[in-house]
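Participant: First to last, the sequence lines map onto chains A and B. Residue numbers for the first sequence, in the numbering used here: -5 to 396. Residue numbers for the second sequence, in the numbering used here: 60 to 442.
Careful: at least some of the hints might be erroneous.
[Stated by the list, open to error] Straight-line alpha carbon distances no greater than 16 Å define the calculated EDC-like cross-link-like pairs of lysine to aspartate or glutamate that follow:
| # | chain 1 | residue 1 | chain 2 | residue 2 |
| --- | --- | --- | --- | --- |
| 1 | A | K226 | A | E391 |
| 2 | A | K226 | B | D107 |
| 3 | A | K120 | A | E162 |
| 4 | A | K335 | B | E122 |
| 5 | A | K381 | A | E251 |
| 6 | A | K226 | A | E388 |
| 7 | A | K226 | B | E104 |
| 8 | A | K226 | A | D340 |
| 9 | A | K120 | A | D68 |
[As the list claims (entries may be wrong)] Stretch by stretch, here's where chain A covers chain B in the computed footprint (C-beta under 8 Å, at least three residues):
| # | segment |
| --- | --- |
| 10 | 85 to 98 |
| 11 | 112 to 122 |
| 12 | 223 to 229 |
| 13 | 248 to 262 |
These are computed hints drawn from the structure, not numbers from a lab. All C-beta atoms in this analysis are idealised placements derived from N, C-alpha and C, irrespective of residue type, glycine included.
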Amino acid sequence: MTSTAAIGAPEMVLIRYGELALKGKNRGSFEQALMRNIHAATRCVGEVRVERRRGRMAVFSERRVMDVARRLQDVFGIKSLSPAWGCAVDPEEIADLARRVLADALADFPPEGPITFRVSSSRAEKRFPLNSMELDRFIAERVLPDHERLEVHLDAPALSLGIDVRPERAYVFVRRLPGPGGLPVSTLGRGMCLLSGGIDSPVAAWLAMKRGCRVAYVSFHSPPYIGERSKKKVRDLVRVLARFQPTSRLFVAPFTEVQTTIRDRAPEPYRTVLYRRMMQRIATRLARREKCGALITGESLGQVASQTLENLTCIEAAADLPVLRPLVTFDKEEAIDLARKIGTFDISTRPEPDCCTVFMPGRPVIRGHLAACEEAEATLEVENLVKRAVRGTEKLEIESDV
Amino acid sequence: MHSIDLDQAATTALDPQVREAMEPWLGEHFGNPSSRHRRGVAAAEAVDRARAQLAGVVGARSEDVIFTSGGTEADNLAVLGLARARSARGRKLVIGPTEHAAVRASAEALESEGFAIASARADAEGALDREHLTELLDAETVVVAQMLVSNEFGSVYPSAPLARLVRACAPNAALHVDAVQALGKLELSIGELDADSLALSAHKIHGPQGVGALVLAPGTSLRPLVFGGGQQGGRRPGTENVAGVVGFGRAAELAEQLRGRTLEHLRELRLRLATGLARIEGAHLLELGAQTMPGICTVLFEGVPAEVRLHHLDERGVAVSVGSACQAHDSDVSPSALAVGLDADAARRMLRFSFSRHTTAEEIDAALAALEAVEGELGSLGR
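Okay, chain A solo, but in the shape it has when bound (with noise of 0.2 Å):
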């Protein structure tokens, strides 16, 4: 019974999940999360139904397969999937459509030379007459003598044939897409981002995302100062960063009153390190009310004069919360090959000006001190500050355009 009938749109996309399957206890709310997650990322190509299967996901769509897959390639927590086609629980049947399948994944490959193949089959229902072994050597033997250049190598051969046997419906598949592997989002709390417009900031937010943290933002804004793109530049970050989590919302705080008290009291050198230490104060503010555990921002070891050990300490002293700095050992090369692979590059690099570059100071503070922080802020009124930078935020929801 040899079909030789052109095969149709995947049925659907079979998910590995990697370190998600260790956490024991928590798998359950680990999957659901993940689950959710999926029903996020697809919403713009349409519904998707979800099936959880022991260590797997089957994820189906009445439209547009490819296209779900392409967006679970950003799901984290999903470290491989396959398009997959499905037929009945029956030998005869797997194998013909094995062949089909096979005969459909060889058009990937340039027409003449060997190619090395193997089968590998799984079989979650037991009542089937071959285990998984003898499920292999079943089909191979029924595959081979249509495609001649096939050899069967066991180790690392250039196409394998998955077979995922189930109780309702066997599937077979070839590729495998990567995923990007680490944590479904919103599964080790919430944080809260510090959004400058630069390089760094958007990665550690991604980074941040990538192990399981649900990320809010918040971006400080000095009008007139800086104008009405500086404000979308940050807007449009968020956009593209809120493919990797359900939806984003980004806090924009007033941020002229402060830097101008800062420019027109403080002395000098210190003028950066006390705008950023007043931003961890607004930041663990908005923190609190959004139930975020943790402030997240893009500073690295050295990278600016702000940047030091002594000034990220007097920086980070303002915080209430732990500040998480996923960037903190990175090259610049490395943080910006991270922003080009997330898409949020292109838009950091537009030159807009951000509330730090306006008011920067002329020679600032190397290695800072504490003390002279605290001393240069007893006469500004902090705490007035920064409750009404906290007042005057407006709030947005961003959801992904793709």
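With chain A fixed as given, assemble chain B onto it according to the hints.
Facilitator: Chain B in isolation, oriented as in the chain A frame:
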């Protein structure tokens, strides 16, 4: 005189909802998206929204949508831009048998830069001749261009199987798909089509004229055709046509919402036309390839050249075309007709009837009545 437009593949009327979306950007919200003031930022936001709308319809990412002045520029940007960006890897282009002049002529323009152009062939049924194509594809090939729906015959050329053949046999090639006649009628997902670029046009889907887009697969790079202020990532600089792209975004969204119903409607219209044509001696509806987009019906007549029938129908208030509207500028016959196996004489006797979602069954009936009257008038000249 009541006018019946059965030349909807040439252009379509602006949908009132599209016009409504555009109007503020022609009046009160007028602004340059590159300006740094609020008026400018508002215009930039409008362009972004339109980009996201269009991206959503074709399953692409916003940053991979490049707005152009129309389908022709989109095809040019793809063919020239992709070929030039890849010229270090090879200098050969393979183009489909029935490509629009926008693709064919831009490919030919590359000959002076040392590129070789090869044309794919159609098989006896009018589908792509895969065997011949396999022979043409090689490592030297840097661009393959194949339209999704023929503007002259409505034939559908499935893209995904072609894409796989291209990847297997021409590893350095990008696949460009002119989807101008497919938008709003077929499901269009750049991922499913497996294309590297997709050319689209607004005015074929009840959007404004003068707006099109080239949509790229993630990571596809190309050389720009025009140079300027760096708009659209430098890939197509120049102040964006804000009202136009807003209209395109809205038109695409509408067309996608109505796509299922539109296709069903076009099928019914095609059937109605085919049934009516059966009563007219010597009229023969062409069906080329395995699948046809029903909104484009090419009819082969006997006797006088199609041009004569066109003017007779026009006289009776029915607008149709001979070959494609763009081809109508050339005195010679359509190369696509020859490519799908028609002879020059037959190619001169082809009339194209094309519909959109605005076309009604009554219009088809009236057009058929007009056609019967014309046949009567032409008498023996008609055969």
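Participant: Holds or violated: are the alpha carbons of K120/A and D68/A at most 16 Å from each other?
Facilitator: 34 Å, violated
Participant: Examine the segment 223 to 229 of chain B: at least three residues should have C-beta closer than 8 Å to a C-beta of chain A.
Facilitator: holds (count 5)
Participant: Examine the segment 112 to 122 of chain B for residues whose CB is less than 8 Å from any CB of chain A, and state whether their number is three or more.
Facilitator: As far as the segment 112 to 122 of chain B goes, the hint holds, because 7 residues have Cβ atoms under 8 Å from chain A.
Participant: Does the structure keep K226/A and E391/A at a Cα separation of 16 Å or less?
Facilitator: 14 Å, holds
Participant: Would the hint linking K335/A and E122/B be met if the CA-CA limit is 16 Å?
Facilitator: 13 Å, holds
Participant: What's the verdict on K226/A and E388/A, does the C-alpha distance respect the 16 Å limit or exceed it?
Facilitator: 13 Å, holds
Participant: Is the straight-line distance between the alpha-carbon of K226/A and that of E104/B 16 Å or less?
Facilitator: At roughly 8 Å apart (the allowed maximum being 16 Å), E104/B and K226/A satisfy the hint.
Participant: Does K226/A pair with D340/A here, judged by a C-alpha cut-off of 16 Å?
Facilitator: 14 Å, holds
Participant: Keeping to a limit of 16 Å between CA atoms, is the pair of K381/A and E251/A held or broken?
Facilitator: 12 Å, holds
Participant: Just to make sure I understand the rule, a stretch counts as covered if three or more of its residues have a C-beta closer than 8 Å to a C-beta of the chain. Does the segment 248 to 262 of chain B meet that for chain A?
Facilitator: holds (count 4)
Participant: With a C-beta cutoff of 8 Å, work out whether three or more residues of the segment 85 to 98 of chain B approach chain A closely enough for the coverage to hold.
Facilitator: Coverage by chain A holds here, the residue count being 3 at a Cβ distance below 8 Å.
Participant: Is K120/A within 16 Å of E162/A, Cα to Cα?
Facilitator: Given that 16 Å is the threshold and the Cα spacing comes to 12 Å, the pair holds.
Violated hint: 9 only; the structure is consistent with all others.
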